[in-house]
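Turn these sequences into a full structure, and let the hints steer you where they fit.
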Amino acid sequence: MISHSQIYRARAAFATPYYADQADDYYSRDGGAATWQGEGARRLGAVGEIDPARFKAMLQGDFGRGVAASRSIRKDAKARAALDLTFGAPKSITLQALVGGDERLIHANDKAVAAALAYVEQHLTMGRHKENGKSRVEHTGNLIIAKFRHETARPTEGSAPDPHLHVHALLMNLTQRADGSWVALSNEEIFKLLRVTDSIYQAELERNVRALGYAVRHEKSHIELAHISREQIEFFSKRSAGITAELSARGTSREEAPHALRQDITLAHRQAKTQKLSRTELHRQWRDAATAIGMQFDHARQQADIQPTQELEHRSDLVAEASLSWAIQHLAERESVMPMADLLQNAVRHAGGHTDITAIQAAIQGRVESGALIREAPHYRSTQDRLALPMTREGWATEVIRLRGLPRDTALKLVDQAIDEGRLLMESPRYATRKSFEAESRILAAEQTGRSAWHGTIPATNAESSLDTRLTPGQREAVMLITTGSDQIAGIQGLAGTGKSFALQNAQAILQQQGHTMMSLAPYGNMVRNLREDDIPANTIASVLTASDKRHFTDTLGPRTVVVIDEAGVVPVRQMDKLLALIQPTGAKVVLLGDTAQTKAIEAGRAFAMLQESGMKTVLMADIQRQRSERLRQAVQLAAEGQASRSLPLLDQVLTIPDQFTTDEHGLKSRDSSARYEAIAQGYTQLSAADQAGTIVVTGTNASRIAINERVHVLLGLEGKGRQCQLLARHDTTRAERSVARYYTVGDIVVPERDYQCGLKRGEQYRVTGSKRHDRITVEPIQPGPSPMQPMEIIPKTMSKLSVYHLSRAELSVGDHVRITRNDAHNDLVNGQLAKVAAIDAASVTIETNGRRVQLPTDRPLNMDYAYATTAHSAQGLTCDRVLYNAESFSRTTAQDTYYVSISRERHEVIVFTDDAKKLPERVDRLTYKGLAHDLQPMAAKHLEHGRNELGPLPRHTESEMEIG
Numbered sequence: 001m002i003s004h005s006q007i008y009r010a011r012a013a014f015a016t017p018y019y020a021d022q023a024d025d026y027y028s029r030d031g032g033a034a035t036w037q038g039e040g041a042r043r044l045g046a047v048g049e050i051d052p053a054r055f056k057a058m059l060q061g062d063f064g065r066g067v068a069a070s071r072s073i074r075k076d077a078k079a080r081a082a083l084d085l086t087f088g089a090p091k092s093i094t095l096q097a098l099v100g101g102d103e104r105l106i107h108a109n110d111k112a113v114a115a116a117l118a119y120v121e122q123h124l125t126m127g128r129h130k131e132n133g134k135s136r137v138e139h140t141g142n143l144i145i146a147k148f149r150h151e152t153a154r155p156t157e158g159s160a161p162d163p164h165l166h167v168h169a170l171l172m173n174l175t176q177r178a179d180g181s182w183v184a185l186s187n188e189e190i191f192k193l194l195r196v197t198d199s200i201y202q203a204e205l206e207r208n209v210r211a212l213g214y215a216v217r218h219e220k221s222h223i224e225l226a227h228i229s230r231e232q233i234e235f236f237s238k239r240s241a242g243i244t245a246e247l248s249a250r251g252t253s254r255e256e257a258p259h260a261l262r263q264d265i266t267l268a269h270r271q272a273k274t275q276k277l278s279r280t281e282l283h284r285q286w287r288d289a290a291t292a293i294g295m296q297f298d299h300a301r302q303q304a305d306i307q308p309t310q311e312l313e314h315r316s317d318l319v320a321e322a323s324l325s326w327a328i329q330h331l332a333e334r335e336s337v338m339p340m341a342d343l344l345q346n347a348v349r350h351a352g353g354h355t356d357i358t359a360i361q362a363a364i365q366g367r368v369e370s371g372a373l374i375r376e377a378p379h380y381r382s383t384q385d386r387l388a389l390p391m392t393r394e395g396w397a398t399e400v401i402r403l404r405g406l407p408r409d410t411a412l413k414l415v416d417q418a419i420d421e422g423r424l425l426m427e428s429p430r431y432a433t434r435k436s437f438e439a440e441s442r443i444l445a446a447e448q449t450g451r452s453a454w455h456g457t458i459p460a461t462n463a464e465s466s467l468d469t470r471l472t473p474g475q476r477e478a479v480m481l482i483t484t485g486s487d488q489i490a491g492i493q494g495l496a497g498t499g500k501s502f503a504l505q506n507a508q509a510i511l512q513q514q515g516h517t518m519m520s521l522a523p524y525g526n527m528v529r530n531l532r533e534d535d536i537p538a539n540t541i542a543s544v545l546t547a548s549d550k551r552h553f554t555d556t557l558g559p560r561t562v563v564v565i566d567e568a569g570v571v572p573v574r575q576m577d578k579l580l581a582l583i584q585p586t587g588a589k590v591v592l593l594g595d596t597a598q599t600k601a602i603e604a605g606r607a608f609a610m611l612q613e614s615g616m617k618t619v620l621m622a623d624i625q626r627q628r629s630e631r632l633r634q635a636v637q638l639a640a641e642g643q644a645s646r647s648l649p650l651l652d653q654v655l656t657i658p659d660q661f662t663t664d665e666h667g668l669k670s671r672d673s674s675a676r677y678e679a680i681a682q683g684y685t686q687l688s689a690a691d692q693a694g695t696i697v698v699t700g701t702n703a704s705r706i707a708i709n710e711r712v713h714v715l716l717g718l719e720g721k722g723r724q725c726q727l728l729a730r731h732d733t734t735r736a737e738r739s740v741a742r743y744y745t746v747g748d749i750v751v752p753e754r755d756y757q758c759g760l761k762r763g764e765q766y767r768v769t770g771s772k773r774h775d776r777i778t779v780e781p782i783q784p785g786p787s788p789m790q791p792m793e794i795i796p797k798t799m800s801k802l803s804v805y806h807l808s809r810a811e812l813s814v815g816d817h818v819r820i821t822r823n824d825a826h827n828d829l830v831n832g833q834l835a836k837v838a839a840i841d842a843a844s845v846t847i848e849t850n851g852r853r854v855q856l857p858t859d860r861p862l863n864m865d866y867a868y869a870t871t872a873h874s875a876q877g878l879t880c881d882r883v884l885y886n887a888e889s890f891s892r893t894t895a896q897d898t899y900y901v902s903i904s905r906e907r908h909e910v911i912v913f914t915d916d917a918k919k920l921p922e923r924v925d926r927l928t929y930k931g932l933a934h935d936l937q938p939m940a941a942k943h944l945e946h947g948r949n950e951l952g953p954l955p956r957h958t959e960s961e962m963e964i965g
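Each residue of the sequence shown is one higher than the one before, starting from 1 at the first, in our numbering.
Quick caveat, the hints were computed from the structure, so don't treat them as lab data. Glycine included, every Cβ here is placed at the ideal spot set by N, Cα and C. Only true hints are included.
FRET-style restraints, in silico, Cβ to Cβ:
id : residue 1 : residue 2 : range
1  : T546      : D732      : 14 to 22 Å
2  : L620      : S325      : 40 to 48 Å
3  : S808      : R926      : 25 to 33 Å
4  : Q686      : E780      : 39 to 47 Å
5  : Q660      : G720      : 22 to 30 Å
6  : A690      : Q660      : 28 to 36 Å
7  : I401      : G694      : 54 to 62 Å
8  : R892      : G815      : 28 to 36 Å
9  : G366      : R892      : 26 to 34 Å
10 : H4        : L620      : 44 to 52 Å
11 : D420      : L620      : 47 to 55 Å
Now the structure itself:
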């Protein structure tokens, strides 16, 4: 893993001993622990071992050979001296190398670091230079890198340092331009592609470790040595071991202990005092700890289940193609538009060091040339105006023409000159698959074909005479569109709280009066349940599309049927394409009902917005009714219009509760939001039971949701009054990840969605126990039948219908409010359904939901979770009296759409809890971009007849801002 920090000139004297003092490191005697790297360093004669005195001088701006910080580099104390990229080796490799004594792993890690830094130098090194006030950026391809290998973590107060193999790579703030001048280093590209650099490091490390004969396993985004378990890794941290021991002494464990108890013990261990140990004593302590927990170092190496490295090197191109195919499949499931950095990162990660980034880049270019990938036309950004959106060469020329009235040829020459001089820099390209483009095209063609093609038999006068007098103007238009509109595919843009359900009920009544029928499809089970409660026949989209015989659905349709697709804004392109292809031939009418400003589809594309942008007939329901006060209605209206920051002052309260920051043993800062979570939980639990029933706590991330739920459970007085239960939470994985053995972790729970010949049964739960071969995993049933099943090996790539969960533990007590997290046809429960714990004993938990009781056995994990807090995605479609909204300024989940959903659920009151009220307005104004393959085609992007461009209007530059020519 790579972390980064800035070193400033004022800290040079303090930084030098921290980096250069390695006298006690066991493996620094080889002379390779502190070395220079980079073409820039070579040009200055900095090669081989680092002289601490010269290193300090460089940090202070004196680079030797008459080279000093140039005019473009600040001279004050806050001037950047270097960028520290810290490469942290996986803990198991650290243990095998430093405690087990295999020095080869140290050199394997060094080589991986060097390879990653070579990529940074060759591809990402840019120099920034100012002349006459104009900033110019040039690709230089040379760096001055000081590398320091360290063997211990930075000790925290009161604890001896743990073994931690890591390399600090300090990229000096100097690089040489083509004209020979030395200028400041621009970090922008380095930061932008840091994930690619990390993937190269991880892949090279995996390759080097396997070449030494070690088997590895994959844990999320990094590898670990297969023979060192996760428990051993966690236990080896002395602070972690101490906390575990104290919890055990109190009769509990990390998994079962309440959050408050874990936190108290953790803080106590941070404050404890210990005597400083010498390195010899520390190393002996490490060895003793390893022996005590049964770690085996001497006979750990074994031949990993891979092909010989030499053979793979000959197949580098094939590996690159296969890895790129996997990366495209993985990324395209969630996003139609894929930045090059994401393609490179995921392809390199998947290749595991068996090819290089050059081969993968060549494979990308080959896909573009074959037409399988669509590449966006080159875009350029201004180095003078950071607020200016990137534009194509032709776009910049158009701006020059607008500002100066110059001929087009002259304008293009000025733009080319700006590109050559580094005043316009080409952006990293974005890609989309031809498959995505064709699916979008089919959707657009279906809508075009359906214009004026639905010949309903309901006269407009008949429909008007049956309109409910209580309908708002927007609702009236929506009902008329559903019942009499002539387009076979049409849309209703319904803002939050405008009474969509009431409009649908009136439309259904009119259709039935005239001999027509209406049915609805929705993305999620809770939405279907709400529709059915309004007496509207409904099913989930997935149930229709995955049915083995779709005639059961299509046979119910015809020219006198209207199919309403509810919450159409969260329906991805893949499903919309299949739905329209299924419904349109039947002659039925399709009405898409949703709100493009609310949360987007989890999968790729923005089908509903695309259809509006391309001119689909759409009526607007904008008469907000849910909020009872004019002030809150205005706040929601502003949020719906994209003016989220202007709506903040209209909310009831915005409470600021800052986060606390701590530094771990590796020097990495972590954020502690527990004080804010506590305040939210207090705010909820201090309400009366009736008010709690009408209150929703909305937050952005699953981590914050879990933390708030735990505190509510405690503050309700339910802690210690129930039983610990195993709960399942779905892993956020793509189909591509579920098809490959390496992306499974020991302990994962696999649930097949169909029966398989290998013995897996639909709906049963299986625990992943390991992986002895690269293409398969071993699983064992959690609940054996009368004849216990033996562990079995399965090949995930042959199974397209697997769900993957991870296991957690939580106390369920009588009175707890819970949410069902998976459809359960046997017990008539649907994903998202709310319930209350009515009884619990050693064998089962009984829940109350929708006026009935359901008993669930607890001898297997439950698809259940606390229901006090929910994410914005899950809150969409809900209505309540009060919202408590956790709006974190630092979270990527805080954006315009999630903010709009969160503040529009309530009738009476919304209270916002944030860590920083000053930063919040900017965050809630942030637009989330859900791309389309058509966005990469210049002509397709111009179809904006309806709706609004999510990227916003192009900026209107002034001549001084552009500085072209």
